[in-house]
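Residue numbers (numbering that gives the first Met the number 0), protein chains in the order written: chain A, 0 to 110; chain H, 0 to 110; chain G, 0 to 110; chain F, 0 to 110.
Certain hints may be false.
As the list claims (entries may be wrong) - Below, simulated DMTMM-like cross-link-like pairs (lysine to aspartate or glutamate); rule was C-alpha separation at most 20 Å, straight line:
no. : chain 1 : residue 1 : chain 2 : residue 2
1   : A       : K33       : F       : E75
2   : H       : K4        : A       : E91
3   : A       : K33       : F       : E61
4   : A       : K64       : F       : E75
5   : G       : K33       : A       : E91
6   : F       : K83       : F       : E29
7   : H       : K33       : F       : D31
8   : H       : K64       : H       : E75
9   : H       : K4        : H       : D59
10  : H       : K33       : H       : D79
11  : H       : K33       : G       : E101
12  : G       : K33       : H       : D59
13  : A       : K4        : H       : E91
14  : G       : K33       : A       : E29
Claimed, not checked - Here are a few chain G residues that face chain A, going by a calculated C-beta distance under 7 Å:
no. : residue
15  : I32
16  : M34
17  : A36
18  : K64
As the list claims (entries may be wrong) - Per the computed footprint, the stretches of chain G lying under chain F, defined by three or more beta-carbons under 8 Å from a beta-carbon of chain F, are:
no. : segment
19  : 77-85
20  : 100-109
None of these hints come from the bench; they were simulated from the model. What you are looking at is a predicted structure, and each value in this text was computed from that prediction instead of being measured. By construction, the Cβ of each residue, glycine as well, lies at the ideal position given by its N, Cα and C atoms.
These are the residues of each chain, in order.
Protein chains: 4
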Amino acid sequence: MAHQKYASCVEACNACADACDHCSTACLQEPDIKMMARCIALDIDCAAICRLAAGCMARDSEFAKQVCQLCATVCEACGDECAKHQNPHCQECAQACRRCAEECRRMSAGG
Amino acid sequence: MAHQKYASCVEACNACADACDHCSTACLQEPDIKMMARCIALDIDCAAICRLAAGCMARDSEFAKQVCQLCATVCEACGDECAKHQNPHCQECAQACRRCAEECRRMSAGG
Amino acid sequence: MAHQKYASCVEACNACADACDHCSTACLQEPDIKMMARCIALDIDCAAICRLAAGCMARDSEFAKQVCQLCATVCEACGDECAKHQNPHCQECAQACRRCAEECRRMSAGG
Amino acid sequence: MAHQKYASCVEACNACADACDHCSTACLQEPDIKMMARCIALDIDCAAICRLAAGCMARDSEFAKQVCQLCATVCEACGDECAKHQNPHCQECAQACRRCAEECRRMSAGG
Chain A
0 MAHQKYASCV EACNACADAC DHCSTACLQE PDIKMMARCI ALDIDCAAIC RLAAGCMARD
60 SEFAKQVCQL CATVCEACGD ECAKHQNPHC QECAQACRRC AEECRRMSAG G
Chain H
0 MAHQKYASCV EACNACADAC DHCSTACLQE PDIKMMARCI ALDIDCAAIC RLAAGCMARD
60 SEFAKQVCQL CATVCEACGD ECAKHQNPHC QECAQACRRC AEECRRMSAG G
Chain G
0 MAHQKYASCV EACNACADAC DHCSTACLQE PDIKMMARCI ALDIDCAAIC RLAAGCMARD
60 SEFAKQVCQL CATVCEACGD ECAKHQNPHC QECAQACRRC AEECRRMSAG G
Chain F
0 MAHQKYASCV EACNACADAC DHCSTACLQE PDIKMMARCI ALDIDCAAIC RLAAGCMARD
60 SEFAKQVCQL CATVCEACGD ECAKHQNPHC QECAQACRRC AEECRRMSAG G
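Can you make the complete structure from the sequences, with help from the hints?
Below, the structure written as structure tokens:
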């Protein structure tokens, strides 16, 4: 498929969106939710922009690189916040965010 | 991860959304676009509901089953339309839609 | 515009999505977030399906009625949950959800 | 409501998303679709980023300004393309895009 050119970045965006969506729900069940408030807020943002980025790449959009560049910024912030928390869902989300940030930076830098 | 319980359905939804997004763009480059008009319209709908369904499952939403049930209906219609066209992107999209419809029906029927 | 036929329902969906998105953030700043956990989860679902429904109506999608029918169900659940909480953002969100549920039911029932 | 601070920009994003969604469907029914291919592709992108931007502002996201900045760029491109076509849906969409680009630029420049 033509969108294969972005295949690994699309896959990283989908995986990151799923991890963020899962993390937000799991955070809401933690005993100390207050501590997780920024994590939840960033999870919501990050899932939304990752799904947008996956769609833009799959459509080979004129703006795919610019969307991925912003996606990398959001993923990085979300990954940094998640990494502060020891819950497995946060640690897994941090990993997905960092991989996605890296893929998006590479993609937006040149293809 | 807790959302692993829906893992194969989430994966099918992501793959179907990507295939639909790719198909809509590829259809717009076909010599006879007019013939592809309904395919493009269904691709847009199908990509949107597949991404919603993936998110609902990843968040373990109360409405995940109902969203997947509707997603199955949309995927089936999109798959039937795509199957009429011989372009590789349509044939690949038809396959992704059918697999997603099946996963979503199974998921909404019981988990 | 042709999508004027659904104008009041599109408007209600956009307003409800915005109210839900606002409510989820405001809930995260409440002193007792734990009590707001289901409200936040439903806000996320409701915002997402309202934005899908607005898009489907604006595109005059074949599935607009079915999406609005499901949207009404989600709005009703979200409105019922929000109505339990006395915070102004929850009360305003409950109102937006109920208006949207009503518009979506009317739209899906006949046009 | 707290998200009132972005009220006019949120409203412009919602209106632009609806106009783009409507324009993409209407373009697919034009006698010469081929001529509308880029318009359709940009409509899809623009609707998606406008709905993301509306959500980010309503959630008072940390990234609302950056999302609006990118949204302005996409709206401008979509508005320029739509403005080339004399169909009423394209002309109306061009207007919605330009108003949204202006609101998003103002919002991202300072609040």
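The hints, checked one at a time:
1. A/K33 - F/E75: Distance of about 40 Å is beyond 20 Å: violated.
2. H/K4 - A/E91: Within the cut-off at roughly 16 Å; holds.
3. A/K33 - F/E61: Given that 20 Å is the threshold and the Cα spacing comes to 18 Å, the pair holds.
4. A/K64 - F/E75: 17 Å, holds
5. G/K33 - A/E91: 23 Å, violated
6. F/K83 - F/E29: With Cα atoms ~15 Å apart, F/K83 and F/E29 stay inside 20 Å; holds.
7. H/K33 - F/D31: 8 Å, holds
8. H/K64 - H/E75: 17 Å, holds
9. H/K4 - H/D59: Holds: H/K4 and H/D59 sit about 9 Å apart, inside 20 Å.
10. H/K33 - H/D79: 18 Å, holds
11. H/K33 - G/E101: Outside the cut-off at roughly 37 Å; violated.
12. G/K33 - H/D59: 18 Å, holds
13. A/K4 - H/E91: Status holds; Cα separation ~16 Å.
14. G/K33 - A/E29: Answer holds: G/K33 to A/E29 is near 9 Å, not above 20 Å.
15. I32: 4 Å, holds
16. M34: Status violated, d = 10 Å.
17. A36: Nearest chain A Cβ about 4 Å off; hint holds.
18. K64: Since the shortest Cβ distance to chain A is 24 Å, the answer is violated.
19. 77-85: Our answer is that it is violated, as 0 residues pass the Cβ test (under 8 Å) against chain F, missing three.
20. 100-109: Since 0 is below three, the answer is violated.
Hints 1, 5, 11, 16, 18, 19, 20, counting from the list given before, are not met by this structure.
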